[in-house]
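Once you have looked at the hints, place chains A, B and P with the ligands on chain S.
Given next are the chains, with one letter for each unit.
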Amino acid sequence: MSESIDTPVGPPIPPARQELTLVERVSSQMGISPEDYMLPAEREIRMLSPEGTLLPAEQQGTGPGHEYPIPSDEVLLEAYERLMVGRRVNDQNTALVRQGRLAVYPSSHGQEACQVAAAMCLEDNDWLFPTYRDTVAVISKGVDPLDVMVSFRGDWHCGYDPKEHKTAAQATPLTTQLLHAVGAAHAAVLRGEDTVVLAMCGDGATSEGDFHEALNFAAVFRLPVVFFVQNNGYAISVPLARQSAAPTLAHKAVGYGMAGERVDGNDLVALMAALRRAVDLARTERIPLLVEAHTYRMQAHTNADDDTRYREREEVKEWAAKDPVLRMETYLRDKGVLDEAAAARVSEHCETVAASLRDAMNADVNPDPLEMFDHVFSEPTQQLREQRDWLAEELAAEAAEGRADQAAKEGAR
Amino acid sequence: MSESIDTPVGPPIPPARQELTLVERVSSQMGISPEDYMLPAEREIRMLSPEGTLLPAEQQGTGPGHEYPIPSDEVLLEAYERLMVGRRVNDQNTALVRQGRLAVYPSSHGQEACQVAAAMCLEDNDWLFPTYRDTVAVISKGVDPLDVMVSFRGDWHCGYDPKEHKTAAQATPLTTQLLHAVGAAHAAVLRGEDTVVLAMCGDGATSEGDFHEALNFAAVFRLPVVFFVQNNGYAISVPLARQSAAPTLAHKAVGYGMAGERVDGNDLVALMAALRRAVDLARTERIPLLVEAHTYRMQAHTNADDDTRYREREEVKEWAAKDPVLRMETYLRDKGVLDEAAAARVSEHCETVAASLRDAMNADVNPDPLEMFDHVFSEPTQQLREQRDWLAEELAAEAAEGRADQAAKEGAR
Amino acid sequence: MTTVTETKPAAQSAKPAKLTFAGALNAALAHSLEARQDVVVFGEDVGTLGGVFRVTDGLAARYGTDRCFDTPLAESGIMGTAVGMALNGMRPVVEMQFDAFAYPAFEQVASHLAKMHNRTRGRVELPVAVRIPYGGGVGGVEHHCDSSEGYYAHTPGLKVYVPGTVEDAYLMLREAIDSPDPVVFFEPKKLYWSKADLDLEDLRATYESGERREGSAVVARQGTDVTLVTYGPSLPTALKAAEAAAEDGVSVEVVDLRSIVPLDDDTVCASVEKTGRALVVAEAQGFASVASELVARIQERCFHSLASPVRRVTGFDIPYPAPKLEEHHLPSVDRILDVIDDMQWED
Amino acid sequence: MTTVTETKPAAQSAKPAKLTFAGALNAALAHSLEARQDVVVFGEDVGTLGGVFRVTDGLAARYGTDRCFDTPLAESGIMGTAVGMALNGMRPVVEMQFDAFAYPAFEQVASHLAKMHNRTRGRVELPVAVRIPYGGGVGGVEHHCDSSEGYYAHTPGLKVYVPGTVEDAYLMLREAIDSPDPVVFFEPKKLYWSKADLDLEDLRATYESGERREGSAVVARQGTDVTLVTYGPSLPTALKAAEAAAEDGVSVEVVDLRSIVPLDDDTVCASVEKTGRALVVAEAQGFASVASELVARIQERCFHSLASPVRRVTGFDIPYPAPKLEEHHLPSVDRILDVIDDMQWED
Ligand SMILES: Cc1ncc(C[n+]2csc(CCOP(=O)(O)OP(=O)(O)O)c2C)c(N)n1
Ligand SMILES: Cc1ncc(C[n+]2csc(CCOP(=O)(O)OP(=O)(O)O)c2C)c(N)n1
Ligand SMILES: [Mg+2]
Ligand SMILES: [Mg+2]
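Listed in order, the protein sequences are those of chains S, A, B and P.
Heads up, the first sequence is in the numbering used here, so the first residue is 1 and it goes up one at a time.
Heads up, the second sequence is in the numbering used here, so the first residue is 1 and it goes up one at a time.
Heads up, the third sequence is in the numbering used here, so the first residue is 1 and it goes up one at a time.
Heads up, the fourth sequence is in the numbering used here, so the first residue is 1 and it goes up one at a time.
Only chain S is shown next, with the shape it has when bound in the complex (with noise of 0.2 Å):
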């Protein structure tokens, strides 16, 4: 981070003052009027019904201003490898954490297409802001999943170089990762790259008021920074009326002049046909866009919650009907994308993934204490070289005890 950088300074921040406001010029060029614009669609957008055939176009929820072409097949096989994966991941990270190996997992379980269209829609340069529940979505942006394991293990805060993988630690303290989103798109247009970075939070984190700064810091500087919102309807036991009173959260766009948009969280094509979309219009207008998907997390919160105390065994069991692997697998075999050979190759996958996750997590693996003061700096101050030292010392003498202890035994048998 030391050296400086050499690429010509971007484009200007726009002026304060334009002829046309932002939205005016965008909504002009795709024909509609500026509230059409910051509206979302009608309806939320919906490629697949919940069994897994095609929706007619007029099903789709798509209109003048809200058109989403699908993907390719190529890319939505891909994209189900990644969902299937994900939910092997899930699931295998949920048993380790029965098994006393985790100290914590926020399964996304349930919520996995979105995660996998929230890597897919990036190219390789773009970055990813993930949360805690978001461990899928930074697997499939390319992150070995033991690296990702590092925290919930509880070895270390984060396991992975985010700089490496463009891809933030996850971030806990809900919300504030938006900014730091904001930020890394204001860095890439100042040097003139046309990077786009999603930022990824749930339905709750929408309450905070960086969710408003980073949202309005992204309009008002003009940054590339698509805001997905995965609205599973609970924050921890507290459900979506409790957050929120407007018709939906896409229409929380508006407030920024922004455009937002719906749709449906467990129909992987349309994620992956809006969350490209959005991708492509942040890159090519260089505009912020906000995607809200409505998914349900099918766990509870985490390991420490109890989800019989705040929703109704029923309403689970409807979204299970809706689940987002079982939608997507029957359109790309009934289309013909998904074969035997393929679902085999797919499975393997998943299994390989599984075994290597449970082989690191029953692995012992011990943090050097020492390393607790390595990193709060660049270089350690000298008051906490000598705090160091204290901690060495103890564990040196622990260490003495323990070989003289260990020397006692042996000499006693």
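Everything hinted at is true.
Which chain A residues face chain S? A few, computed with CB under 7 Å, are given here:
#1 Gly209
#2 His212
#3 Val220
#4 Ala246
#5 Val254
#6 Gly257
Stretch-level coverage of chain A by chain B, calculated; a stretch enters the list once three of its residues show a Cβ under 8 Å from a Cβ in chain B:
#7 151-159
#8 185-197
#9 373-387
The calculated lysine to aspartate or glutamate pairs, modelled on EDC-like cross-linking and capped at a C-alpha distance of 20 Å, are:
#10 Lys18/P to Asp197/P
#11 Lys240/P to Asp342/P
#12 Lys324/P to Asp359/A
#13 Lys317/A to Glu51/A
#14 Lys322/S to Glu51/S
#15 Lys240/B to Glu398/S
#16 Lys324/P to Asp374/A
#17 Lys324/B to Glu394/S
#18 Lys324/P to Asp368/A
#19 Lys163/S to Asp144/S
#20 Lys324/P to Glu398/A
#21 Lys240/P to Glu394/A
#22 Lys324/B to Asp364/S
#23 Lys18/B to Asp202/B
#24 Lys240/P to Glu398/A
#25 Lys324/B to Glu371/S
#26 Lys324/B to Asp359/S
#27 Lys324/B to Asp147/S
#28 Lys324/P to Asp155/A
What the hints contain is simulated information worked out from the structure, not anything from laboratory work.
Ideal placement from N, C-alpha and C gives every residue a C-beta, glycine not left out.
The following block gives chains A, B and P with the ligands in isolation, referenced to the frame of chain S:
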């Protein structure tokens, strides 16, 4: 604050999920679509031309769902008097700052129509939550100008009793008061009172996270709060285009399922009409609303500011032509509501207020330093008592030295 | 009211332990809701769910959803509306779900909650209790284990309470709610499941009899050689260390502060003047912390009674570490014993 | 680099004073913008207006509006985007307009700015400089005069610099911007208009020669009887008090810390071991503050050299008072002299 509340507990918070959303219900009562309910009218509401003539109905910007009856002549005359007093207070205080009698004074010169309407639209039991710039609103609500000036003279932070006047201490940390307003409204609703709360902020303040959280809490809990944004085009030096890319600030209502409206902020008639209706709706429907008034701060941000650095004199001149005082005066004179006698009475009232301000601010008031320890807690802690004693000793020693010096001087004579 | 209940693991106690720390808090909330109509409890997940630690369990059902309710997910919103509610006659008890998640509310706390009474020259009281589950030792992931009491203790206008026993969990939370001043009430997460043989109705009667020990420290264990000053999450560790030291022939007096603001200087100084040595134990990072303040005051006030420098055992000056490392970060019995050992006994 | 420039009022200085504290900061920003392309300066009113204290005056015009620009009015937004920008290769210098207006950014500071390097196991550096005009003594109204360094100094992962001289204003701001770690850089408001006879080009040359005194304290005045440890806004007061004490025959050594984190224990201890007495002076409320830490460390490290307890003169534990009262709140020369008088000289 230590007695328990004996009024019955008020109407329950609405249940988590409702058949119809609030927006759907209210808008269908009004016979318009939810989007038309939430979005501001196409043009800002304006009753008077810049020259002070009543505009024909079709030019007022009103329409279905956006009807604003004009208040009675009596009310408007009363409003005019407060407007004149407000202008006089602003200019007197600015003069006192120049003379070094006040530490600081953020003048609302040019915005007095907003100030007066904000206070006058409320009933006695309604609460006002003002900012540093809203001195005239606080006075219009009935607080003694001399009490308000305690803070600007530097004696203490707030000089009036917020509970007596149902007027919060003027807030400096931007936008924080909007949440206080929401809490105050929530308290009233819980006790079954039909209080309305009006919360004021500037255009810059809408960018803070607290703006979002306040509007959202108010909407989710269905609280009778009118959020009144005085958009004067600048946050110190930063123009509106750097605060928001939305078509108008009133559009921000949509993200909360609220109605937003824009009003000409230099037209006291339109402001009175729009705010009164907002307060009525808030009270009868128990809903929050957002009202944006477009106005202009004619002077620098405060006496410490130099506005020639960031805005053209031409622009200031343009706005001078739209001055709210002249406009209202012309209208009321032309209508025969303001005759010579009334004008003389108003002018006398203004001079009385100004004279009392001058007298009070020119008097030397010195707060007791030991009072610094009295209001940190309801009872000073042991630690504070010790610190108070320390200072008391110091003051006593200084006084003794002063007396000794004095005696020495007198002895020498 | 002078007996001090040590927190013992249930298995070791003679009678079956009845009351948990979390249960005592829950009861204190319930009794407060019953005692005064102006009390309202709100925050994230405190309603239907009963809080992620179940401290508000059953309150919404028993007292109604207008007395105990969930808010949108926004801590500044929770704190700011609590300020407004209190200004308009209510007595809010708000929960910040975890220590680090109170930071978004910091402006509302520092600029309003702490200052309103003073700003308005005493005309407005803000009787708000802010409950913060806090501290480490429970294997929590990042941002869930901060010891943040230092930020609040450093902010004039806030009272700061940290109970370390089940009894105090009940009594001090009721005091916090009844206080006319804002109180930041820290609940050591690792004590939530600690238990004591206490009868709730006795506790309630004690509290309602009007006896108070607000702002006063207690001597949690008598001793003669060295004074160990501590509070909240470190109290059980301190008591264990004192026990162990006794076996080595060092008699440790343990002072449980209970309240950081106000602070009971008299009890602390009386003990240090008696023992001539002092050690402060607290989990938070030590730099510019409550522990620093305690060391500073003790040497300021008891300098000539001190046989050796006042020492401290605190968390290191590092961000709270990952679960597998926290045991090395937190003050431990061994670390305390080492420091006691090192207190110039030859003098 | 060991000469220390005392801040003198222009009228008293022999040569016409050339450089103000604010001017030195402005130059440091300009030279940093010139020295590295990754530096960007942003915040509220820092662009067109040049900042409410004119510290960023002319930067937008000279270096372009993509190097120095105004943001929407949202401090969490400013801090959060700075984190993201730094993560993606920039070197942001952000301004919080006044001390108390940095509080909305507290979560971004405490949970991300301070922790990111550690969270990512050292993989991500966040070279962000946060400029905060701070402290009192300028007749400011409420929320404009907080001494908030304690909050940041208590947060592991942040460096905290507080220059007290015009020379340090320049050198330390450049250090802060070049630091690979986040630095909270406090600018004492009451020193903005203080002046010194310094040549900017000399300063620039000195800095660019690579000589550094990062994190080290300096002895701002030599003395033998008592050590006065201070920093930033209190430095001129401390020097005046030392002058006055000299007239009373007490020789005061003044240590200017310059950097709170990291802290130069060696310089402080060397002085205290020499003088045998220590006094800490700081404007912030004293409870659980940087001053507490200094008192604690001095007694921990120099106990056996101390002839009397380490004392402190700080702001009282009250919200910052209104303009007419601030003179009674702030450490004054007289108050410092009183405490020095009280340091058991008969011993
Ligand atoms: C600032 C902050 N406050 C509170 C929490 C505690 N918390 C963790 S997850 C969560 C609910 C989040 O809900 P949502 O945004 O809908 O995401 P989901 O968990 O449903 O994916 C809460 C309250 C937190 N992590 N950060
Ligand atoms: C949280 C916070 N940040 C910054 C400031 C400093 N400040 C005072 S007024 C102001 C501009 C406010 O603009 P606006 O909201 O439009 O109100 P106006 O002054 O125009 O009435 C700023 C930045 C503040 N008071 N509070
Ligand atoms: Mg959710
Ligand atoms: Mg403005």
